[in-house]
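Model the full structure from these sequences, guided by the hints.
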Amino acid sequence: MVCLGAHFSAIWIVVANSWMQTPAGFHIIGDGLKARAEITDFWAMCSARRQWIGCSILCAGLAGGRISGGERERVVFAEE
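Under my numbering, the letters of the sequence shown match residues 1 to 80, in that order.
It is worth saying that the hints were derived from the structure and are not from the lab. Values in this document were obtained by computation on a predicted structure and should not be read as measured data. Among these hints, one or two may not hold up.
Ranges between beta-carbon positions, derived for each pair [what the hints assert, rightly or not]: (1) A16 - G61: 41 to 49 Å; (2) G64 - T40: 32 to 40 Å; (3) T40 - G65: 35 to 43 Å; (4) A16 - A63: 35 to 43 Å.
All residues carry an ideal CB built from backbone N, CA and C; glycine is no exception.
Structure representation (structure tokens):
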């Protein structure tokens with residue numbers, strides 16, 4: 001459960017960061033210092049282009065962890 005929660009958290013961090021770089025699916029409400037962005041299309045926000053680069057890096061990390069985890073089991077320590 002902790003592992004899944006950590007991955008979902010990482011994905012949402014990537015979504016938020018990618019939305020700040022290439023915002024999509026929103027409109028501005030208010031003027032001046034009271035202006036704020038309101039999301040109008042959730043899926044447009046989640047499908048920003050930069051997000052998929054982050055997800056690719058995350059998947060590569062998972063695959064690398066799986067591979068290196070398998071290698072750790074095969075290590076034979078020399079007997080003294």
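Here is what the structure says about each hint:
1. A16 - G61: 41 to 49 Å: Given about 19 Å between the Cβ atoms, the range is violated.
2. G64 - T40: 32 to 40 Å: holds, 38 Å
3. T40 - G65: 35 to 43 Å: holds, 37 Å
4. A16 - A63: 35 to 43 Å: violated, 24 Å
Of the numbered hints stated above, those contradicted by the structure are hints 1, 4, listed in ascending order.
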